[in-house]
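Protein chains: 6
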Amino acid sequence: MSNGYNRPDISAYRMRFSQIATMMRLPLAATAEGLDIAFFGVPFDAGTYIRPGARLGPAQIREMSRFLRNSNPATLVQPFELCQVADIGDAPVNTMNTERTLQEITDFFAEVARQGALPLALGGDHTIPYLALEGLRAGGVLKQSVGFIQFDADADVLTSESDVFDGLEVNHGTFARLAIERGLVDPKRSIQLGLRGSQYSPDANRFAADAGVRMIYQHEFDEMGLAAAIKEIKRVTAGGPVYLTVDVDGLDPSICPGTGYPEPGGFTMREMQAMLRGLRGMEIIGGDVCEVAPPYDPSGLTALNAAHLLFEMLCLAAESVAARKGRQR
Amino acid sequence: MSNGYNRPDISAYRMRFSQIATMMRLPLAATAEGLDIAFFGVPFDAGTYIRPGARLGPAQIREMSRFLRNSNPATLVQPFELCQVADIGDAPVNTMNTERTLQEITDFFAEVARQGALPLALGGDHTIPYLALEGLRAGGVLKQSVGFIQFDADADVLTSESDVFDGLEVNHGTFARLAIERGLVDPKRSIQLGLRGSQYSPDANRFAADAGVRMIYQHEFDEMGLAAAIKEIKRVTAGGPVYLTVDVDGLDPSICPGTGYPEPGGFTMREMQAMLRGLRGMEIIGGDVCEVAPPYDPSGLTALNAAHLLFEMLCLAAESVAARKGRQR
Amino acid sequence: MSNGYNRPDISAYRMRFSQIATMMRLPLAATAEGLDIAFFGVPFDAGTYIRPGARLGPAQIREMSRFLRNSNPATLVQPFELCQVADIGDAPVNTMNTERTLQEITDFFAEVARQGALPLALGGDHTIPYLALEGLRAGGVLKQSVGFIQFDADADVLTSESDVFDGLEVNHGTFARLAIERGLVDPKRSIQLGLRGSQYSPDANRFAADAGVRMIYQHEFDEMGLAAAIKEIKRVTAGGPVYLTVDVDGLDPSICPGTGYPEPGGFTMREMQAMLRGLRGMEIIGGDVCEVAPPYDPSGLTALNAAHLLFEMLCLAAESVAARKGRQR
Amino acid sequence: MSNGYNRPDISAYRMRFSQIATMMRLPLAATAEGLDIAFFGVPFDAGTYIRPGARLGPAQIREMSRFLRNSNPATLVQPFELCQVADIGDAPVNTMNTERTLQEITDFFAEVARQGALPLALGGDHTIPYLALEGLRAGGVLKQSVGFIQFDADADVLTSESDVFDGLEVNHGTFARLAIERGLVDPKRSIQLGLRGSQYSPDANRFAADAGVRMIYQHEFDEMGLAAAIKEIKRVTAGGPVYLTVDVDGLDPSICPGTGYPEPGGFTMREMQAMLRGLRGMEIIGGDVCEVAPPYDPSGLTALNAAHLLFEMLCLAAESVAARKGRQR
Amino acid sequence: MSNGYNRPDISAYRMRFSQIATMMRLPLAATAEGLDIAFFGVPFDAGTYIRPGARLGPAQIREMSRFLRNSNPATLVQPFELCQVADIGDAPVNTMNTERTLQEITDFFAEVARQGALPLALGGDHTIPYLALEGLRAGGVLKQSVGFIQFDADADVLTSESDVFDGLEVNHGTFARLAIERGLVDPKRSIQLGLRGSQYSPDANRFAADAGVRMIYQHEFDEMGLAAAIKEIKRVTAGGPVYLTVDVDGLDPSICPGTGYPEPGGFTMREMQAMLRGLRGMEIIGGDVCEVAPPYDPSGLTALNAAHLLFEMLCLAAESVAARKGRQR
Amino acid sequence: MSNGYNRPDISAYRMRFSQIATMMRLPLAATAEGLDIAFFGVPFDAGTYIRPGARLGPAQIREMSRFLRNSNPATLVQPFELCQVADIGDAPVNTMNTERTLQEITDFFAEVARQGALPLALGGDHTIPYLALEGLRAGGVLKQSVGFIQFDADADVLTSESDVFDGLEVNHGTFARLAIERGLVDPKRSIQLGLRGSQYSPDANRFAADAGVRMIYQHEFDEMGLAAAIKEIKRVTAGGPVYLTVDVDGLDPSICPGTGYPEPGGFTMREMQAMLRGLRGMEIIGGDVCEVAPPYDPSGLTALNAAHLLFEMLCLAAESVAARKGRQR
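Protein chains in written order, with numbering that gives the first Met the number 0: chain A, 0 to 328; chain B, 0 to 328; chain C, 0 to 328; chain D, 0 to 328; chain E, 0 to 328; chain F, 0 to 328.
In case anyone wonders, no lab produced these hints; they're calculated from the structure. We put the beta carbon where it would ideally sit given N, CA and C, even for glycine. Among the hints, erroneous ones may be present.
Some chain C residues close to chain F (C-beta under 10 Å, calculated; not the full set) [as the list claims (entries may be wrong)]:
| hint | residue |
| --- | --- |
| 1 | 40 |
| 2 | 42 |
| 3 | 54 |
| 4 | 55 |
| 5 | 57 |
| 6 | 299 |
Partial list, derived from the structure: chain D residues whose beta carbon lies under 10 Å from chain F [what the hints assert, rightly or not]:
| hint | residue |
| --- | --- |
| 7 | 48 |
| 8 | 50 |
| 9 | 162 |
| 10 | 166 |
| 11 | 202 |
| 12 | 220 |
| 13 | 224 |
| 14 | 251 |
| 15 | 261 |
| 16 | 263 |
Sequences are here, hints too, so could you generate the full structure?
Now the structure itself:
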């Protein structure tokens, strides 16, 4: 511990069920100043069409993150030996003012970026990656469109001419389209995995396909297999920084019952962990795990899985930051 | 059954767990035309500050209303012998456009009023009574400010100068203030029961007190007793038509766990049923039961209680309508 | 323990969460031979109209009865100092043969009666008291129609001309009518408490009223009060032996969510305990607690309450048996 | 939408959580007249040995079917472009008269068949496919014994000489034997998948084996693999029409906790979806998904999966009907 | 806010579901230095006989305390205008070393006392009040035996000659006896309310009775009524400082399902709130709410009620501290 | 049944939901005398660091074991044709005296061993296998260090110099280290499968690795595949008797939510069943399934899976015993 980095407090008389629930029981910091990586919550779900509740996600993810320890069992990465990490609380949210909240969240990401920390966000609904990317651009980190890896049952590229919504364009069914249209994401360096579920029409995801996003539907994944999928992720996103996003409904509902739109036939955690571990060596600029909706899963299983996926992102991000800063263990 | 009125279908081979879940398993009508009383859902919860989910309330109330039968055990009122009643589905709601949705709901109430039916709404959050009253005014039924009976833990009279919200003024914490300010409700003929819970400040409910609303806090109710409370309701609201609203958080959380803001120390169902039954003889112009949030109560107990309270409202409304129309059993 | 009677084993290394779940962790006996009082399950629910599951009741009641100890806190009765009590397992039930099962259960009660033990049954649906009474008659214990105390939301006196059923006449909606019609119960010495809930019609319970049963609806109970109700029970049932039955839906759904037909506005446990304790001195010939349906209450609260009510019945029965047999403590 | 076929209403102000819960939010039709395919519920569970509750299945499947949209993500089939589909409510059921109910359900299937619609049934327990086949024969659709595809943990071929039941022969443990014995199903063109679980004896499923049914136990499936299993289904059932049935306990209990007899070690939804999608091109005469027992799964996950499997059946049936009627998209 | 005291942050963009869950969302302080009142958790349950889980109580109480606001609705007390209050985290606990943990907890209370803050503890099992009192004595606050108010189903005065335990004497069934025997509590100024439940024997609570503790069993409370009970509490405890403890099983299990030993027939929250509010004017030296066991109540209702009771204690304590320090509002 | 061995009673009028819940509804025996194999519970969880509750495991496993029948579907082994099996209740446990309880449990295993029965234990936390092995040594069965097969997320080889605990050395995080250090287990003939989850450090499991235990982490298992893993188990453990232990957290949390420390990314039941079935032919000396913690899974899914794994162990053990005793079917 001589490097002065924060670590989860796991000493004998501060057992993991005790003390305040920050992410992984890390220290709570007022801002991202001095951090390499900042965990924070985005308790926002006004971008949700059907079943709300993701605004309550960050609290439950923090609670279930008590089970996490320091070191990755497969990659042996020890993120707290590489980087300074803390929980900086939640982005500002007001359920009575969606427009301003969207701006406040974006500004929050921007401020984290300006303070030099890589953001790892606890969602909140799946509008968040769009706000993250806008914030990273505003904060000077995202200088051109980036690579994008999305684990999700839905492509989230609804177009405004669709008859299924009227109103707020920035929402959890449109974020990926907006991120592409507004130049945040390079569709040619983007990949979506876990796509499935009945569609409004066979053309529902056409925007993404036309834009050049590599879309791997679950039935295609079943045919190609896990190893090939990992290779494909690397091939598509090669050549620059990437942003990671997980909508927990990419997982099978048996392991993510606590989400707004559970979609049968999803990934197992073993697949998801293997895919994330397969991304080692990438330049990561940020990440999020979204759509944990605790009211539908009081047991916390969904949030536990989300916490584990954030830990995998942390390991990736820590290696990426350490590499960039020339640190090594 | 010679009067041609609808009744729940309880014949031997259509048992109550079977068939489509309309309210009380009544026929589903396309509009309120020809009805005396119309049940409908308002699956709206964008007016909710803290825990969302009331948008899912109508479906669960309908499901749990399967347990209801035809005749009131205490008053012996048989609503289906007095009035034509049906379920007319749900008011239009779009979670991506709150402004327009508020208007659509108001218009829906107005249309029901124009079609001559008394509305009994299945909430949705507690913004709804405000929209109901606006709709009743637009529909020509509410010609001047009316009496108002509100069972609720919160007075819902937040003022805009409060620092706790910023944005949408029409919400579930302001509706009662707006209804008074905009002349829909006569505060002198209004009463609130069940008030309790920690407050932002001792002045938080000052608007209502200043306006002349009779406010009975739960600790006062405990002192005065049930019989005196019923008398007080009648005394305050005498002299004209009244609108009834129940926020289920007026009930104790042990019987309404499924609500956004459970507030310990509330009414029992026996008290609530007794109070509603005590209102016989009033001129009712509409009613609602709000804030059933199913995600927090998958067992359906909250919705079951809500369905029973709607049945009590139905009995009151049926007698009121029958009296107005000169019918008798 | 010099009297040789069974007691729940509560010694230091046989803690109450351990060992096999018999009723109150009493010894499991093969038959009722040598017992004064026999607990047994009747895992039958084929008499249920709407929501099934009471067949699973006995197992959950036994499991939750682990919390019970030896001595009554209010009456100070110590049943295991007065009587030999054991759990004798379950009556025979086959879900594919209702007719024969009805006979088997009746025979089981008869056999217990013949063996000289007072039956306390863990339901099972509310067809059971009818079978119990038939069995007690067959077993020679019930020599003429007896007094009857029923705590229940429903009077269970459906008549066959009703249009709501067709088929099996012996069921949980008819048992009380049958018990009267077939001379098992003396309606003049019978009382029903807790009656409430919407009815098929104002005449739905007419059979009982016409027969002379004392029916106390819940709204009447609220007016007369607990003390008067206890007096009334004693007044009505005076003059001979009585049988006790509790349908757990007599309790409020907040404390009996695990039942097939929850009916808002019921008794509290304090009321129910007080009423049962008020029956001391009666000659008891048997009792049951029915309609615990575990699938609707995995927490076991309903079964816990049922176990406590059976304990109150046990205390009453033990005093009654001891008095009859000239024992005293 | 020029073809005039029904579609789920997914327009902007009729969001999927709103309105009455019919299957997939399709229109509710009074009969199957004019339909190509009819969804309906069979809320029957009197054929259940152990844990009841499947009578409540249709309501929960309908509720969870709100999540379904129009188009298949893997096969791109759009059933509502090919066929007229509606929900026609529930078959008649009376829990007090099992014999007559069996007949009423059979008659209901027969009537649907006569009206020219293909039945897709929402169970109810796994007695239903037998009643469906009897009804299809009575309705003139099933002219000779048909092919049969059964996904199930149990073979459901209990013989009457077994000592485990006494009484009603038509039940959820015997239906497949009866369907073969009575000439409804051709055992040589029948296949059962997902078989597993401890057995009464090694001979318990002997009837099916002797009759020539292709039985694939789960441990055999693990050895042969998914692709081979799909081929085997096609090979066995080739040469004529087939009926499809899914007992949800064919799925692993992690995704079907809400069933009467959960059996560890079952199919994943990805396997089940792949197998159903592999059946394209078959002549389908009807199908069902059974044994959803909501009391054991208030979360609705089981019913959600059941709704998805019914959607896969709908896509298969729509192609089959369209092919037979010479329609194409 | 000019007095510089902490308050829950309820501004518009820091909504109550957001940010880290400290008690009432108060600031987290490292120690009790400078505080008038310190909230902290004691995640200890090694003193539990039967069902464990109270070690997880503090986290859930904090989470559910999000619903609390600033001002008491009945007494109008505003604790944050009177005192400096914060959450100081949890006392040290190690599940592998009960002896040392008992000492560490005692030391923690002592240190809080030395730092001049009044302790309000979030339990943890009901061994805690004993440790609190020992700590207050060690910290110099408790100079002689104090008055004691205990709301509880059990008297917790098990004697070591009992055959139900062997081993650790300091546990949740003995704490009240130890507190009396060791001179911490003056039995003549002590009162226990809510006592009920079957007992090991009629003598089980004899120690307390003999010592002079005023014991009000629940059936006695029902007879004397709420107002008389409040008077009795005041009468008994008059004449000096008092310590308050609530075992949540004093409440009825319908409102405290999340506890290790639910005991039917307990207090309502209205009664409990009224009793606590009735204690205004007493000199309070500390308090706790114990036995919240979240595993048995994932809904959080029990913890919500516990948080509300802690708020009532806070209001009492704030007035007591302010009076002692000569502050006024 | 001529061999006189016990069998689960599955006759027609003793349906599996009825009667007392012993393991598999086998007879309850007072001791292991005369048995070949003894099932018993060890309701102990004082060795648990984080979330308690496993003391309640045996009761729930017994309850869920009602679903089990007589014959293995894959191996066709019929254990009750080979051996005399019964449930002998629970080992002695006192939650107030851990030291003595550890000795009592050890003695209980020793006594079972002396009586000639093979123990199959229903846990209880994962301290139990250590106590089992000590007991088997004391009882004369374990004459030298044995082979060991452990399915588990954690290696359970924490060393005392770790800073995460202080105190009781014999606990569920150290048992495997102790078993090796004390010569009970031969590390060269030991294998651990399912290892995963974030670690305290990369060296956390070093003790086991250094000792020569074959450790298969889950990501390695994913690479080598199921068939190779089965071979590896056989290779490593060849050459003598083996003891089997399953910590249910070896399973994925979707199928074992009811455990103290759920660890995402675990085995499926199909994998676990295949691995256990792959062990046929081994000489088994005992086994256990641990860490079922019912409070976190009221549905019983975890316990159901545990019961099935115990059935697989029973089949292995029955063949092993029969082979040793020269019996055959």
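Problem - residue 202 (chain D) as chain F interface residue, shortest Cβ-Cβ below 10 Å - result: holds (9 Å)
Practice task
Verify the interface restraint on residue 261 (chain D): the C-beta must sit less than 10 Å from at least one C-beta of chain F.
Solution key: holds (6 Å)
Handout entry: Hint validity - residue 42 (chain C) Cβ closer than 10 Å to any chain F Cβ
Key = At 4 Å from the nearest chain F Cβ, residue 42 (chain C) passes the 10 Å test, so the hint holds.
Problem - Restraint check, 10 Å cut-off on beta carbons, for residue 166 (chain D) near chain F - result: Holds. Min distance 8 Å.
Exercise for the section: Tell me if residue 251 (chain D) is really an interface residue toward chain F, meaning its C-beta lies closer than 10 Å to one of theirs. Expected result: Since the shortest Cβ distance to chain F is 7 Å, the answer is holds.
Handout entry: Hint status (Cβ of residue 48 (chain D) to nearest Cβ of chain F, threshold 10 Å)
Key = At about 7 Å, which falls below the 10 Å cut-off, the nearest Cβ of chain F leaves the hint on residue 48 (chain D) intact, so it holds.
Exercise for the section: For the hint on residue 54 (chain C), just tell me whether its beta-carbon gets within less than 10 Å of chain F. Expected result: Result: holds, 6 Å to nearest chain F Cβ.
Handout entry: residue 220 (chain D) as chain F interface residue, shortest Cβ-Cβ below 10 Å
Key = holds (9 Å)
Problem - Interface hint for residue 55 (chain C), Cβ within 10 Å of any Cβ on chain F - result: With Cβ-Cβ at 6 Å, under 10 Å, it holds.
Exercise for the section: Closer than 10 Å between Cβ atoms is the bar; does residue 224 (chain D) clear it against chain F? Give me holds or violated. Expected result: Nearest chain F Cβ about 12 Å off; hint violated.
Exercise for the section: Report holds or violated for the interface hint on residue 40 (chain C), using the least CB-CB distance to chain F and a cut-off of 10 Å. Expected result: holds (7 Å)
Practice task
Classify the hint on residue 299 (chain C) as holds or violated, based on whether any CB of chain F lies nearer than 10 Å to its CB.
Solution key: Where the cut-off is 10 Å and the nearest Cβ of chain F is about 8 Å from residue 299 (chain C), the hint holds.
Violated hints amount to a single one, hint 13; each of the other numbered hints is respected by the structure.
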